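Enquirer: Below, each chain spelled out in residue letters.
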Amino acid sequence: MIKSRKWSEIVSNIVIYVVLTVMSLIWLVPIFWLVLQSLRLETGSVSVYFFPRDYTFDNYVRLFTYNPADQVKFPLWFLNTFIIAAITCVASTIIVLLTSYAFSRLDFKARRPMMKIILILGMFPGFMTMIAIYHILKLINLTGSIWGLVLVYSGGAAMGYYISKGFFDTIPKSIDEAAMIDGASKAQIFWHITLPLSKPIVIYTTLTSFIGPWGDFIFARLMLGDRLDSYTVARGLYWMITRENISTYFTRFCAGAVIVAIPITLLFIFMQKYYVSGVTGGSVKG
Amino acid sequence: MSCELKDAREYRRLAHEEFQKNKKETVIVYLVYLLLYGLLGSVTVIGGIIIGGPMLLGLTTYIVANRRGTANRKMLFLGFRHFVNALVTYVLKQVVVALWSLLLIVPGIIKHYSYAMAFFLLEENPAIDPTLALKKSQDLMKGRKWKLFLIDVSYIGWILLSVLTLGILLIWVKPKIDIAHHEFYRRLLKEREEAHVETPAFNRLPFDVWATVAVFGFLYAILRYVADFLWTIIKAFLNIFIGLYKGALFVGKKLWSGLRKYTRIFIRGNWKTRLSFLFLGTGHIFNRQIVKGVAYLALEAGFVLMMIFFGWNYLIQIGTLGTVQSHPAYWDPDINDYVPAALGDNSMLILLFGVAVIMLIIAFLIVYFKNIDSAYENQLKIKECRDRTAALASTRLSNDQKAETLKIYDRYGPNSFKKDVRELFDNRFHITILTLPTMTAFAFTILPLIFMILIAFTNFDRTHQPPGQLFTWVAFDNFVNMFNGTNAYYSNLPATLWKILQWSLVWAVFATFLNYIFGMILALMINKKGIALKKMWRTIFVITIAVPQFISLLVVARILDDNGPIVKLLMDWGWVGPTFGFFKTGITARITVIVVNLWVGVPYTMLITSGILMNIPADLYESATIDGAGAATKFFKITLPYMLFVTGPYLVTAFIGNINNFNVIYFLTGGGPSSLNLFQAGETDLLVTWLFKLTVDQSDYKIASTLGILIFMISSFVSLVMFSKTGAMQKEDQFQ
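Protein sequence lines, in the order shown, are assigned to chains A and B.
Whatever position you read off the first sequence (first residue = 1), add 128 for the working numbering.
Whatever position you read off the second sequence (first residue = 1), add 8 for the working numbering.
Keep in mind that the hints were calculated from the coordinates and are not lab data.
In this text the structure is predicted, and so the values were computed from the model without any measurement.
Certain hints may be false.
[Said to hold, decoys possible] If you only want the chain A side, here are some residues facing chain B, beta carbon under 8 angstroms, derived:
hint : residue
1    : Asn-141
2    : Ile-142
3    : Ile-144
4    : Val-146
5    : Tyr-177
6    : Leu-226
7    : Phe-255
8    : Met-258
9    : Ile-264
10   : Leu-279
11   : Ala-315
12   : Ala-362
13   : Pro-391
14   : Ile-392
15   : Thr-393
[Unchecked claim] Covered by chain B, according to a simulated footprint, are these stretches of chain A (three or more residues, beta-carbon under 8 angstroms):
hint : stretch
16   : 153-164
17   : 197-206
18   : 269-278
19   : 291-301
Backbone N, C-alpha and C define an ideal beta-carbon position, used for all residues, glycine too.
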């Protein structure tokens, strides 16, 4: 009896290992393919064979060497995106944390109505407002520049308060009350008590808002138009594989994609545990 | 008996040959059948029952036609033409089999085989009475059930293998079994003919007892289900209307009480308070709150200047959205001279700024009344101080009376500037920290949103595009065009809306629940006791979500490209023809999108569910093991209910998110393949990607905005209904 159970255990483990290996392969193949293509010597768009015939690092080198005749200004795009991401990250982290603190801890009349309004606003498809935002930015002469994007990305940040509010809600209120009896003001409580206790959510908010601009394509496309100088990497990479450009730039697109993916993947793996606690803490009642 | 087994082998050989003749087509048909039937059946039992009959009839039609060589994959859906008959036959058969199965299963299997030919009979004569089809099948199968059973049993190895591959292998196995059944049916008919056995003429028989019970039970179940669903919807709508009514009542009461309050303040107020009705801040400046008062006054001055130089102009035009048309330079014969080109009104700016000005006016009104409130409060406070000092003067005559007075004013009087600032970091901290977020939200979310909502009531499109042309209000015209299609240009708009809505919902169901289930299975496998290298497995899958989505999706789109490596590989293996492309026809594109979305989404759900899975109380599993439950039982009886219980709200948000999932569709197919039957949309377009195309590519803003409002209504409706369901679930306060 015991022996047979052992056997079935072994068999089921073997099956699981096989399934996991197959799935890992399926999941990794596209990424592996991307890396291979970025090392391909032969130019031109997608090739029908999986492994390139000759390998080269040239695609990476050309991405970073400056050539005035070249339309691809990858280092500039990278810098643009980095500036946008850095500023957005600081601004929206501050906005999100303050807003969610207010909704979680402060007692004021407009609290519930405001939360309800944000819930309702969230039901509208996000880019329905794009055209209007474009004209508002045009009015203050910010279309086609990276500052417009910074404003757009951090302007609506307060709407994403749920997750950190969910986290703040889990910090016991009695700590606040004790501090209040000691004469601390609300600002002091936030700064000296709540923030130090919320390291995971601060990291989560910072990282997600830093990563956001690297992947956003929709707003970048509308706001930046055809001004290649102020493109972000997402917009630029997409430009490289449009119908007119794909045969020239495909391998370099792959190299660029790898370069963008590496730091973000590392960041993500590093913040994995904060990410899980952030996502599940906000939306899941456990 | 050995002779009969040999017979079975012959059937198998024949079925195999027939299957090979038209393999590709058949596999696709069975894939669609199993996906649709299996998935819908596992999501809602009722759904599976409703489509089960028609789909089975379609499948039978396909198999029969396949034998003749006239098969066409669209036949799979032919069964829906005889919806009622197919449904009733199917339900009757299932129910009778189920009821007989209650008697130790064997009678149920016998019934199953005696009704096995019903759908072939139905295929031959779709108008046949369902009970007649069953009776005829019973008659045909008399004495031959065992033979058919043996044929099925001879497939047992394949069936077991299919189970091991989670049913994927069934796509290849089930067609063969069905072909064998068809062959069996043909031989039965032939035997009859050769033996000159007259088919007994069955009369239209009355329902037998079991069938009657079954049909009524079935009807009752459906009615209850539908009634439940309708009731939820009605409740949701009722809540909306009650909410609107309460809101209106609230606003009315507020207005009335406000009017009374401010009249009273005006009557009771002293000159400072009264003056602050006209000049903001006077109630503060003359009560030693210089900074606050000046700030109020400056706000008023700024507002008045804004209205004079900017706001008024836009405000008065908002009713017409501009009247002066732009024109190029032209020759005017009356004055015998060129009239230079001139820019007229810009309807878009009028609308945008008009809305902004209205918002500013509302904001100013709020400040205005706050100002009066606090002016009156100051007046009361000063009166309180006066009373106290007067009391002081009458009772005591001490030397430090002046100091006492100061103390009283400090405590009960209007706040000093310093105290105001201190309050902003304590009891009024919310004002300090929410001012900036609120302002940016107004500028970049609320104002644009109101603007776009209003666009749905105008005729703003590519033929009315500012600054060249004007646009104006058209009330509900766009909504009418959306739903009735009498307008020639928008004639297929209603059909498109309906099709895209259907696909969006189908997509959302698949994308949400498939990802959820497969992600959970993956998490279970990785977390199983005895599996080594847990961290490595997890990291492998996390990598794919860590890579920015637009990159991974564009890469997958290239790999699946018509000229890409995968299509080449499949062609080399001879699995697909030279014209094959994943994104060439609607159905393959849709399936591809759903499968790729699994690739995108499964690691994500794996990550989220891992933590919760580990929290399931271990004793639940232990007691289940003692009771002798197998792995599958444990999954369906413990894991799944627990997970659904805990992650209910997450599923609802994920569902809404998938209805609005822009990235996957846009980067994989761009909505394609395009279709002439659809209005500016492709076969895989979701409501949101359609909205995007209408705005960015077509500049058809009015229709896009109307669509946006519809999406809003759908999203809020779905979340209302679903939250009320999960809410009810959570009220059963403990998970059992």
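Enquirer: Look at each hint and say if it fits the structure.
Expert: Outcome of the hint check:
Of the supplied interface hints, the one on Asn-141/A holds, with its beta-carbon coming within about 5 angstroms of a beta-carbon of chain B, less than 8 angstroms. Contact between Ile-142/A and chain B, as hinted, is not supported at the beta carbon level, the nearest pair being about 11 angstroms apart and thus beyond 8 angstroms. With a cut of 8 angstroms, the hint placing Ile-144/A at the interface with chain B holds, because the nearest CB-to-CB distance is about 5 angstroms. The criterion of a C-beta within 8 angstroms of any C-beta in chain B is not met by Val-146/A, whose closest approach is roughly 11 angstroms, and the hint is violated.
Taking 8 angstroms as the C-beta cut-off, the interface hint given for Tyr-177/A holds, the closest approach to chain B being about 7 angstroms. Of the supplied interface hints, the one on Leu-226/A holds, with its beta-carbon coming within about 4 angstroms of a beta-carbon of chain B, less than 8 angstroms. With a least beta-carbon distance of about 6 angstroms to chain B, the hint placing Phe-255/A at the interface is held under the 8 angstroms criterion. About 7 angstroms separates the beta-carbon of Met-258/A from the nearest beta-carbon of chain B, less than 8 angstroms, and the hint is met.
Here the hint on Ile-264/A is kept, as its CB sits about 7 angstroms from the closest CB of chain B, short of 8 angstroms. This hint holds: Leu-279/A has a C-beta 7 angstroms from the nearest C-beta of chain B, less than the 8 angstroms allowed. A least Cβ separation of about 4 angstroms between Ala-315/A and chain B falls short of the 8 angstroms threshold, and the interface hint therefore holds. Checking Ala-362/A against chain B: minimum C-beta separation of about 6 angstroms stays under 8 angstroms; hint holds.
For Pro-391/A, the shortest C-beta to C-beta distance to chain B is roughly 10 angstroms, which exceeds 8 angstroms, and the interface hint is violated. The beta carbon of Ile-392/A comes within 6 angstroms of a beta carbon in chain B, closer than 8 angstroms, and the hint placing it at the interface holds. Annotation: Thr-393/A was flagged as interfacial toward chain B, and the flag holds, the nearest CB pair being 4 angstroms apart, inside 8 angstroms. Requiring three or more residues with a Cβ within less than 8 angstroms of a Cβ of chain B, the coverage given for the stretch 153-164 of chain A holds, as 7 such residues are present.
A count of 0 residues in the stretch 197-206 of chain A with a Cβ less than 8 angstroms from any Cβ of chain B is obtained; the coverage claim is therefore unmet, three being the minimum. A stretch counts as covered by a chain when three or more of its residues have a beta carbon under 8 angstroms from one of that chain; for the stretch 269-278 of chain A and chain B the count is 0, and the coverage is violated. Taking a C-beta to C-beta cut-off of 8 angstroms, the stretch 291-301 of chain A contributes 0 residues in contact with chain B, too few for the three needed, and the coverage statement is violated.
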